[in-house]
Every structure is written in C-alpha cells, then in structure tokens.
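S.K.: Each chain is listed here by its residues.
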Amino acid sequence: MTGTDIRNLCLSALALGICALLPLSGSGYWLSIGVTIVMFTALATSWALFSGPTHYISLATAAFFGVGTYVTALGFETLPFWSLVGIAAILGALLAALVGLATLRLSGVYFVIFTLGLAELVRQVITWIQNRSGQKGLYVLTDISEADIYWMLLALAGAVFLAGWLIGRSRLGFALRIIGDDETVAVHSGINTALSKVLLFMVPGSVAAMTGAILAPRYVYIEPSLAFAPMLSFQVVIMALLGGAGRLWGPLVGVIPFTLLWESISSSFPQQTTLLLGVAFLVIVYLLPRGFIGLLDQIRQRTAPKDAEAQA
Amino acid sequence: MDILITGLLLGGTYALIAMGLNLQYGVARIMNLANGEMLVAGGFAAFWMYTGGQISPFLTIFLLAPLTFALNWLIYKIMLQPLVKRAKTRGQLETDSILATFGLSFVMVGLMLMVFGGDYFNYSYLARPVVIAGDTFALNRVASFLGAVVICGALYIWLNRSRPGLSIRAIAVAPDSARLVGINVGQLAALAFALGGAVTAVGGALLSTYLTLDASTGVIFTLKALIIVIMGGVGDVRGTIVAALLLGVVETLVATLLDPGLTLAAAYTLFILILLFRPQGLFGKKPT
Amino acid sequence: MKRRTALKFAAALALTTSLATGAVSAETIKIGAAAPKTGPLAGGAAVSQWPNVQLWAAQVNERGGINVGGTMMPVEVIEYDDQTNPGETIKAIQRLATQDEVNFIVSPYGTGLVVAAAPIFARYGYPLIAVSAITDQQPALSKQFPDMFFTLGTTSALAEDTVKILTDMRDGGQLGNKIAMVNVADAFGIELAEVARGKFKEAGFEIVYDTSYPLGTQDLSPVMKGAKAAAPDAFVAWSYPPDTFALTEQAIIEDLQVQAFYTAVATPFPAYGARFGAAANGVMGPGGVNVDDPKFQEYAAAHETITGAKPDFWASATTYASLQILEQSIEAVGLDRKAVADHLRSGTFDTVLGPISFDENNNNQAFWTVGQWQDGVFKGVASRNRDGAVPVILKNGWK
Chain A
0 MTGTDIRNLC LSALALGICA LLPLSGSGYW LSIGVTIVMF TALATSWALF
50 SGPTHYISLA TAAFFGVGTY VTALGFETLP FWSLVGIAAI LGALLAALVG
100 LATLRLSGVY FVIFTLGLAE LVRQVITWIQ NRSGQKGLYV LTDISEADIY
150 WMLLALAGAV FLAGWLIGRS RLGFALRIIG DDETVAVHSG INTALSKVLL
200 FMVPGSVAAM TGAILAPRYV YIEPSLAFAP MLSFQVVIMA LLGGAGRLWG
250 PLVGVIPFTL LWESISSSFP QQTTLLLGVA FLVIVYLLPR GFIGLLDQIR
300 QRTAPKDAEA QA
Chain B
0 MDILITGLLL GGTYALIAMG LNLQYGVARI MNLANGEMLV AGGFAAFWMY
50 TGGQISPFLT IFLLAPLTFA LNWLIYKIML QPLVKRAKTR GQLETDSILA
100 TFGLSFVMVG LMLMVFGGDY FNYSYLARPV VIAGDTFALN RVASFLGAVV
150 ICGALYIWLN RSRPGLSIRA IAVAPDSARL VGINVGQLAA LAFALGGAVT
200 AVGGALLSTY LTLDASTGVI FTLKALIIVI MGGVGDVRGT IVAALLLGVV
250 ETLVATLLDP GLTLAAAYTL FILILLFRPQ GLFGKKPT
Chain C
0 MKRRTALKFA AALALTTSLA TGAVSAETIK IGAAAPKTGP LAGGAAVSQW
50 PNVQLWAAQV NERGGINVGG TMMPVEVIEY DDQTNPGETI KAIQRLATQD
100 EVNFIVSPYG TGLVVAAAPI FARYGYPLIA VSAITDQQPA LSKQFPDMFF
150 TLGTTSALAE DTVKILTDMR DGGQLGNKIA MVNVADAFGI ELAEVARGKF
200 KEAGFEIVYD TSYPLGTQDL SPVMKGAKAA APDAFVAWSY PPDTFALTEQ
250 AIIEDLQVQA FYTAVATPFP AYGARFGAAA NGVMGPGGVN VDDPKFQEYA
300 AAHETITGAK PDFWASATTY ASLQILEQSI EAVGLDRKAV ADHLRSGTFD
350 TVLGPISFDE NNNNQAFWTV GQWQDGVFKG VASRNRDGAV PVILKNGWK
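Heads up: the sequence lines are chains A, B and C, in that order.
Using numbering that gives the first Met the number 0, the first residue of the first sequence is number 0, and each one after it goes up by one.
Using numbering that gives the first Met the number 0, the first residue of the second sequence is number 0, and each one after it goes up by one.
Using numbering that gives the first Met the number 0, the first residue of the third sequence is number 0, and each one after it goes up by one.
If we strip away everything but chain A, and leave its shape as in the complex, we get (with noise of 0.2 Å):
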C-alpha cells in the first residue's frame, strides 16, 4: 500500500465521516435529498462495478430491489432488522449468480433485454404468489427512523467503494480490465472469463437488494407495482452512464448533480416537471459527450499551466 492510497483512504473515510453528519443538521429536507443521493450512488456505483469493465448494460436493478423490499416487508415483525438485509444480501447474491451463470455469454444488447425481462419475470412470480396465497397489502411499521436509514444507506455505500477499491487492486479487477479491453486476448491468458463476470454481476445485485431492504421501512406500504417500478433500473443507469462508468467515483459525480437537477427542477416546474426533465436530459447528452467525468477532464486540462495561453 502506498502513501498515496493511505491518504487516499484517510480522506475518503473523513468525508464519508462529514456526510454523516447530515441527519444532525436537522434539515428534515436536506436530509430527505441526502437519503435519495446515497441510495443512487450506492446503486449506480455497485452497478458501475460491473458494467464500467464489462460493458454490459443491465437493467435488472429493480429486480435486485423489489426482492430486498420484500425481504424486510415479509420479515420485519419475526426477525431483527439488520439480519433481514444480510438475507436480502444474499438473496440478491443468489439470483445474481444465477442469472449471470445462465446469461452472462449473452452478447451486450441481449443481456440489456433480459435483465429487463428478468425483472418483470421476478414482479410477475412474486405477485402471482401474493395473489395465491391471499396475502394482504404489506404495511413496514417500524420507528426506524429516515436518520437511520440514511446512516445505513451510507455505510453501504462506504462498503460499496471499499469494495470497488479492493477489486480494482484484485487479481480479479486486472482480469476484469483485460475482459474489458478484448475478451479473447482474456480467454487466451488463461482467464475465466465467465466466473470472473459472474462474481462480480453478484456485487451489484447483493448491493441493489440489501438498498431495497433498508429503504423499504421508508415506502411503509410495500405493493409489487412500486417495489419492482422498472424506471428505477434506468434511473441507475443513466445516473452512472452521465457521471462515467469508467471510474470508481464517476457515478457519483453523475449522481448528486442529477438528483440536484431532479429537485430543482421537480420543485420550480411543477406542472412540467416531465417535460422539462427530459430538455435537461438531452442537453447533458449533447453537451457532455463523456459525461461529467469528461467535463471534469477537459477542465483540469484546461487549467493545466500548458494551456495557459487558451485562457487568455
């Protein structure tokens, strides 16, 4: 380990420290964006875990999510809470490891599509088995407070980014960086190309499940329409997509000026909220080709003391 990893490190953890600090400043509403901001960046991050080296786009977030919620909603009144998102850990672990080990040869589009399919398959099942068993609605009353959920969330989220930096120095992240650039120049070199992908695809889908689980004491009353809403899986991927996919840290830059954007759009326009979303939508696509990642690039290149002379 390096000096520079060791500050690295020491910084991350002192800024993971002032962000848990949020809930004491006593803004119920700072709070409320703050809860939406960790739960994206976990989700988009873990998801860039797997798709940024990959390149596989997958949008089987919801299905990952809507099983956590259950998880808790099923669980909360018979077990304590944070056994409930281990088992959601690794339920989404599990489904992970099974859709990979069946899909994960698919090439890119067709893996784009399935993980889709998937998630509607687990909504259809799962509805199906409410409506025979005659199950009620499934009201989470618990005094967990928004608070606790936040800390929780950011925890994960903190984990989520050990673990990405942990995999990056792996063994398994080199083979992964190789997958990425030419998987026959992998398969060559002696790589399992298929379980390296399969163990990480479990990455994001323990994550997405274990963010259903925690948040699901926030939605209160759990029904598979909300649980399972397929615009979540794009949220992620926009999310992560807009911020850079490439990088440890790029989703997040993409997450907390989006869910800024969201807000301020959702709260100055609010007869034209959807309209409007899409217009900002478009002109990041058009205006920031590479994402804010790339912004950020071009930036610091052009604050370089070289290029000087194109301030001026």
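Hints listed in this document are in silico derivations from the structure and should not be mistaken for laboratory results.
Please note: incorrect hints may appear among the correct ones.
[Stated by the list, open to error] Partial selection, computed: residues in chain C whose CB lies under 10 Å from chain A: (1) 36; (2) 37; (3) 82; (4) 83; (5) 91; (6) 185; (7) 193.
Cβ coordinates follow ideal geometry from the N, Cα and C atoms, glycine included.
Let chain A serve as the given structure and place chains B and C on it in line with the hints.
M.R.: Quick look at chains B and C alone, frame taken from chain A:
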C-alpha cells in the same frame, strides 16, 4: 381453435407494437426508448379525430402516417444523426441512444400531458362481436389484426423486392459491407427510422380502438416491443411477426388452460428460454 | 378538449400570478399538494384529485378566502408532481413542509403513496385527511400516526357490501347462486378479492370462476371467455382503470348474460358512462353518491364550470369533502395545526356528502360502498350510514 384465433389476434396487436421498433433498432441501430410514446401519440391523434370529428381511425392513419414519418425523419436528422456520427463503436452508439431517447420519452410525455392532460382516454369503435369458426371475437381487434397483416405484408414485400428495401436489409445484416458497395447508409438509416416511427404511430391509432391509454402508458409498450424484437431477432421482419404471434398464442394458452395470472410470467419465461437457447433470436443471424 | 386545454392554461396562468403576488402578501394560507401528474396513477389523479384541489381553491378565493379569527385569508396552492413514485412523494412533502412552509398539505393520491407520506406528515405535525387510501389497516395506521384520518372507507366494507347486495338480490329471487370473480393482481385487487371470497362462501354462494390477471394485461378476452363458460349468474371484477374498460367491452362482445355485473376502479368515472352509454345501465361499481342531493348537484355543476370536466361518482366528491373539512376546521380553530388535528378528531363537518365525523380510529363511518349506473347516472345503492340509496336494478343485457 378459439384459443388459436384469440392468440393470433393478440399476436397482431403485439406485431403492431413491435414492428416499428424493429426497423429503428435493426436498421438505424437506435434502441428507441421513446417508441411507446410515439405509439400513445398515434392513439391520441386517432382519439382526437374520432371524438372531435367522427373520423374513423382507419382513415386517420392515412393522415397520421406521412405526418409521423416526417416527424421521425426530423427526430433522426436533428437528434440522432449527430450521435451516430460521434459514436466510435457500436457500444458507444447504444449507450448514447439509450440516454438520448430516454430523454426524448420524457419530453414526449410532458408534451402530451400539456396538450391533452393526464386523463385516461378511450372510445368505442367497432366494439361489436363477430363470429369466426363458431366463436365470437371483437370486431375492432379483428380489424386491427387485418391492419397489422397489411402493414407487415407491405413491409415484407418492400424490404424484399424494392431497391431501397434491399439496401435496408443489407444494412441490417452487414452495415460496414453495405457502405463498401455504395449504399448511402446515413440516408437509409434515416428512412428506416422514420418509417419505423410511422408504423408505430399507425399501430397506436389502431390499438386505441380497444385499449385504454393515457399520457404515461408509453413505457409499457416500449418494454413489450423491446422484448418481441429481441425474441424475433433484430432487423428481421419475419422474426418479429413470428415472435409476436408466438407470444400472443402462448399468453392466450396459459390464460385459458392454466391461469390468467401467469400470462406475463409465461411470456417472460418464453423470452428468457429463447434467449438462452437461441441468443440471436428466432430468425437472427448467428454473430460471427 | 380545446376548451379544457384553454381552461387549464388559464388555471396555470392564474396559479403563476397568484404565486407571484402571494410571495408579497403575508395574508394567504398556503396549501401544499403532491400527487401524480405522470406515471401509472396519473390517469386516476387527473379525474379524482387535481380538479378538486383546483375547484376548492377557486371557490374559496371567490368567497374572499377562509375566515381565520375575523380576517378573510385567501388560499394559495403549491402543487408538485410525485411521478407515482413513493420516493418522490416523500421528497415533495418534505419540500412542502420545510422549504415552502405551507400551512396545510392535501393528502397524496393512491394507497401506497399516501402511506409512504404519512411519517413525514406526522414528523412535521401536519394532519393528513386521506382519501384515496382504502385499507383495513386503519387502526394500526392511526395508532402509529395519530393525526391521520380516513374518509373513503375500508377494504372490507367495500367487499362486504358488494356481497351483501348480491345476497339480497339472491334472497329476493332475482339472482342465482353462481358467482364469477376475477381480480387484478396488485395489492388493491388481491386484498379485495381475498375478503370477498370469504364473504361469498359465508353467504352460501358458489364461486364458479375465480382467477387473477396481471396489471397491464392487453387482452382480457380469455378471462371473459372463461367466466362465460362457467355460466355464472353474477360477475364481479376487482379491477383497475384500463381493465375495467376492457372487461366491460369484452362482456359486451361475448354478450355475457348475468343478472349482476360489477367492475371496480373507474366504473364511477364519467368516461365510463360516456364510453358505454346505454350498455352501462345496471353495471355496479364501488362508491356511488346520492345524486338527488342538491348539495351534490351544486358541486357537480361547479366542478364542470370551473375545471371543464365532470366529477366522478366516488372519490371526487370525497376529495372535495376532505378539503371542506379542512376549511371548516381552520375556520373553527385557526391555523394552528395541532388544534386543527384535535378539532378533526372531535368535530362534525358539513360536507357535500353530508355530515362527516371521525371515530376512535380516525375513520369516517359514513361512506358509500356500492353504486350502479342507472339511466346515465351512477347512483349509490349501498352505503354505511348514508341516506339516499336507491334500489338496485337487474343487469338486463347490453343494449
């Protein structure tokens, strides 16, 4: 027999939903997430003409087709062509077009909301029974099935007989080689995209005779269309038709013999099975 | 359609102007409202929720405002679109409470979204007069959120009264003993079907067809064919808006001959009557109102003049009544939210639906449960503690 006809009628509905996207995705390489909104817009137009002027949806489509063709041509030229030009790889274009058309779908929902409001809309058109082979079916479904047959048939013949059609197929199969033999890929991709948009809007007008729509329902149709297109094989008209009909029959079989609650689960299972055993789709070419 | 667009535009314009001027005047009462304008529930909210908020605000301001301790204070509505997403509902209510610092907040729309918002209402001490949240969990919810009130009734009452109407018809010799029941496989449909199934069996009915179908099914003809093949005497569907229309249309196509036909959400919508015309005659659905009550007639006329659309015959009037309750409570005790909540618990309110008060579970005990289309109007045929129910008629073909 009853199940088969009901299933085929539903398959016709699905073919209308998916055919446009197949052209857009298979040829123009744009995974158009705003496809469903175009369909709802077509439905809106038919609704408006019917309730406002008592004009039959089957006449509206002749006005709708050129209008939406022009609109989609513009969308491609203004919005999507820059993306195609700047994309270095197929993957890059896919990512960019997902982002751009996702934004477009929001814009379209917003516009429809502004113009028409958020209510449900539907109207009663040809809601009469018709007897085929001893069983009763809804006339509007039969009529729109015939519409689907005409549209799909015309597309198939056009793609297989006419020169631009053959060029379009060439692009779908091998975009790089097509350029080498002197095909203007950019122009034809725009044509395919515009044509796809027009087919989708016309499909929406036909579907509105028996489906209840509102400004926000587009996404449901987009999801269904994506699945059918992938199932059938990208860029192949026959594949989409067969996949749509197959899906219709399977859903009806399950609904009638097993449990209507499992229809969608069965549809997705079928989809997943096809992908697992024939990843390129029913009629897709094996990737080399 | 054109007129409505123009009206909407005018309303939006009026809202912007009122927002602009409202910032200066401290004498307005700020009312927050967050409900779907987009997403899966937008269609229902566009009929039952938004027009009533608009109507009520317009009427209050026309009168010069709400009388708060002798001064007339006009109301100013701040609206947000929650996109039918509980996360957005939570954020919007937070924003209303802490950023816009509104005086009161109108209930969101749809059980899931209302309940997701309930903790925020509770945290900031806003009373929540829920309308479109039908549930049997009222005791548990009002225990957890003491300032949450319910107006539209319970799942059980809705299902029980439907069964009771059919039982009365059977005992009167008008109806056979065979029931076909279907439901949409979503929380609402599942819950109602579950209660109804038990009650039908208890009443000695034979359920000859019992199935569910997924949300968003595009072809319900297999369902209707299955139901018809079972030769039922009554057909009951716990359905959502698109399938309510589709099931009715299929019943007409199949010429389903039953003595009683029931579909759920959207049956009381004016669009339903407009779509099916005479064929709708005899169709039953949830809700209903006393259409002969001059108060309702006056309300319906004002609704049409101001919003350009007719109210539905179920949640519309209740949504409006919930706002009347709020208004009367403010007039009685002022803008203090705690006082208003306490007043809600104890008072009786004179609304467009008649008097409303809340019991120990914060539940309104007087509401309509079953209505029926009769000669182009959706009349209440069964209720809990409401007057004016008309006798139920037989479903006599689809002509």
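S.K.: For each hint, tell me whether it holds in the structure or not.
M.R.: Here is what the structure says about each hint:
no.: 1; hint: 36; result: holds (7 Å)
no.: 2; hint: 37; result: holds (5 Å)
no.: 3; hint: 82; result: holds (7 Å)
no.: 4; hint: 83; result: holds (8 Å)
no.: 5; hint: 91; result: holds (7 Å)
no.: 6; hint: 185; result: holds (6 Å)
no.: 7; hint: 193; result: holds (4 Å)
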